[in-house]
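Peer 1: Read off the chains here:
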Amino acid sequence: MAYDARPEGPLGGARDVAPPALRVAGVSKTFRPRDGRDPFTALSDVSLDVSDNTFVSILGPSGCGKTTLLRMMNGLLAPDNGEVLLGGKPPRPGPDVGFVFQSFRLLPWRTIRGNVELGLEETGLSRAERRERALRYLALVGLSRFAESYPHELSGGMKQRVALARALAPEPSVLLMDEPFASLDAQTRELMQMELLRLWERRRGVVVFVTHSVDEAIVLSDRIVLMRSHPGRIAEVLDVDLPRPRWDTDVHTRREFVELRHYLWEQIKAMVLASAEPGLFGSGDAPG
Amino acid sequence: MPDGATRQSSAARALLPAGLKAAPVWLWRLVVLAALLLLWWAVAVFVGRNFVPTPQATALAALRLIENGTLPNATAQSLAVFFTGYGLAAAVAIPLGLLMGGFRPLGATLDVFVNALAATPRVAFIPLIIVFLGLGFEAKVTIIFLGAVMPILINTYTGVLSSDGELVEMARSTGAGDLAIFRKIMLPGSLRSIVAGLRLGAGIGLISTVVAELYTSVRGLGGLLATYGNTFQMDNYFVVVLAFAAIGALVTQGLRMAESRMDRWQYQEERAS
Chain A
1 MAYDARPEGP LGGARDVAPP ALRVAGVSKT FRPRDGRDPF TALSDVSLDV
51 SDNTFVSILG PSGCGKTTLL RMMNGLLAPD NGEVLLGGKP PRPGPDVGFV
101 FQSFRLLPWR TIRGNVELGL EETGLSRAER RERALRYLAL VGLSRFAESY
151 PHELSGGMKQ RVALARALAP EPSVLLMDEP FASLDAQTRE LMQMELLRLW
201 ERRRGVVVFV THSVDEAIVL SDRIVLMRSH PGRIAEVLDV DLPRPRWDTD
251 VHTRREFVEL RHYLWEQIKA MVLASAEPGL FGSGDAPG
Chain B
1 MPDGATRQSS AARALLPAGL KAAPVWLWRL VVLAALLLLW WAVAVFVGRN
51 FVPTPQATAL AALRLIENGT LPNATAQSLA VFFTGYGLAA AVAIPLGLLM
101 GGFRPLGATL DVFVNALAAT PRVAFIPLII VFLGLGFEAK VTIIFLGAVM
151 PILINTYTGV LSSDGELVEM ARSTGAGDLA IFRKIMLPGS LRSIVAGLRL
201 GAGIGLISTV VAELYTSVRG LGGLLATYGN TFQMDNYFVV VLAFAAIGAL
251 VTQGLRMAES RMDRWQYQEE RAS
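These protein sequences, in sequence, are chains A and B. Take the first sequence: its position 31, counted from the start at 1, is 31 in my numbering, and no numbers get skipped. Take the second sequence: its position 40, counted from the start at 1, is 40 in my numbering, and no numbers get skipped.
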């Protein structure tokens, strides 16, 4: 389809520069429950451009439509208004977009290798090539020894590394991650963040990483998209000025980190307080 | 990583004296068998041997019935109708259940009728079956088919329906189409439920075999049951009852072994969560 014929919009002016790898333009989405409850506006007029080789985090309180936005980026969900373009085309689920879910979603009846191969079965690779590729990516996440094990034999962190290998194996241009480390314990979580950074330094591309952890967003990202809820919309887009690589040093103590963290915390706290019940957070007028 | 099941069973073992801890299950089964035989013998002595034969008398009767070919012949006849009816039930119910689960409009249309038929006592159809098919092999097979088909169908259908939506979405994100999702996610996900349905169907199928042999032409093990019961040959009668019990145990045990092969991955998964 001829997307160059797209009418000039507010973002149209930038067209003769290199097009963004991922473009979200004026996207809205309202869910209308069938059981007669009030319709729920998950996203309202969201626009965002992501250039290639950029790590973007989407940060915000629950209910801000983070996950909805992510599902639109791989075509699992279609927007009501506006458009999502990936390399100039509407996204379709497939090998060009990797997806990592919070719950690891491994097939219990397949071996670890078989689970990674699942991501390759729509790529047209031969059986031998799929096997070779799966083993290569399992080696990359340090799980070669477990290739013939079953998911129930692995710990949570290991399962998520399998899911990461499954998403990376088709070598997608965009990797979408939906709170991938939220169900891991604190230590495993930090290890996985470093692991992800290490992998990303080796082979860049666009990563869109949804999280509700301020620290995680800062440590990982080039840019942070801060969203607010009811309805979900973008509050602010911030650049993270921390040097890379970040996986071999502790960035948590750097001044830039501390300042950005403080700023983001204040923003999110204000959002949460504004939507909370009065008195819930113990202001002066709370009884007793 | 100690999981719940291991901890529980080791706690149970701690209550037993040290020497019995190592005793395997088959030894305990033998102990229960001996206790049952003893109970049987006591009942036979107290109630009177005309009503309940002793274990010894039953064993002698069994030897006699095997030697003169009565029991092997009857068993062969019963197994032939059972496996034909049961096999047909599985051959119809599994594909139909998969279709109903995989193609939602079909499932939504048919499941009311399936449930209505499942709730109707299948004995109600026997006079109708006799009118149409007579008293022979076909009528018996039909009765068994009707008994076994419903549990297999319903289990297959619900197995596909309850397939994990999260796994389906994951597969969709890799670009898999409907057919691939059905083959890679829904079908293996419902396997356990299908085998459970097969086990239920086998039980009902065996009961239907007896019912069929009592209500239609009196043949097979059910036929022997009627003959010996009506003529008060209680020792022979008990042999037939035990033969039924043995067949039931063998068939269920076989299917349970198929289930435990799948447990390698699935049972552990449930335990871990």
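FYI, nobody ran anything at the bench for these hints, they're computed from the structure. Take the hints with a grain of salt, since some may be wrong.
What the hints assert, rightly or not - Taking lysine to any residue pairs in the SDA-like style, the calculated list, with each CA pair at most 20 Å apart, reads:
#: 1; chain 1: B; residue 1: 184; chain 2: A; residue 2: 149
#: 2; chain 1: B; residue 1: 184; chain 2: A; residue 2: 103
#: 3; chain 1: B; residue 1: 184; chain 2: A; residue 2: 76
#: 4; chain 1: B; residue 1: 184; chain 2: A; residue 2: 93
#: 5; chain 1: B; residue 1: 184; chain 2: A; residue 2: 62
#: 6; chain 1: B; residue 1: 184; chain 2: A; residue 2: 127
#: 7; chain 1: B; residue 1: 184; chain 2: A; residue 2: 125
#: 8; chain 1: A; residue 1: 89; chain 2: B; residue 2: 175
#: 9; chain 1: B; residue 1: 184; chain 2: A; residue 2: 89
#: 10; chain 1: B; residue 1: 184; chain 2: A; residue 2: 95
#: 11; chain 1: B; residue 1: 184; chain 2: A; residue 2: 124
Here the structure is a predicted model, which is why all the values come from computation and not from measurement.
Peer 1: Hint by hint, say whether it matches the structure.
Peer 2: Cross-check of the supplied hints:
no. : hint               : verdict
1   : 184(B) with 149(A) : 19 Å, holds
2   : 184(B) with 103(A) : 19 Å, holds
3   : 184(B) with 76(A)  : 19 Å, holds
4   : 184(B) with 93(A)  : 17 Å, holds
5   : 184(B) with 62(A)  : 33 Å, violated
6   : 184(B) with 127(A) : 16 Å, holds
7   : 184(B) with 125(A) : 17 Å, holds
8   : 89(A) with 175(B)  : 16 Å, holds
9   : 184(B) with 89(A)  : 29 Å, violated
10  : 184(B) with 95(A)  : 17 Å, holds
11  : 184(B) with 124(A) : 17 Å, holds
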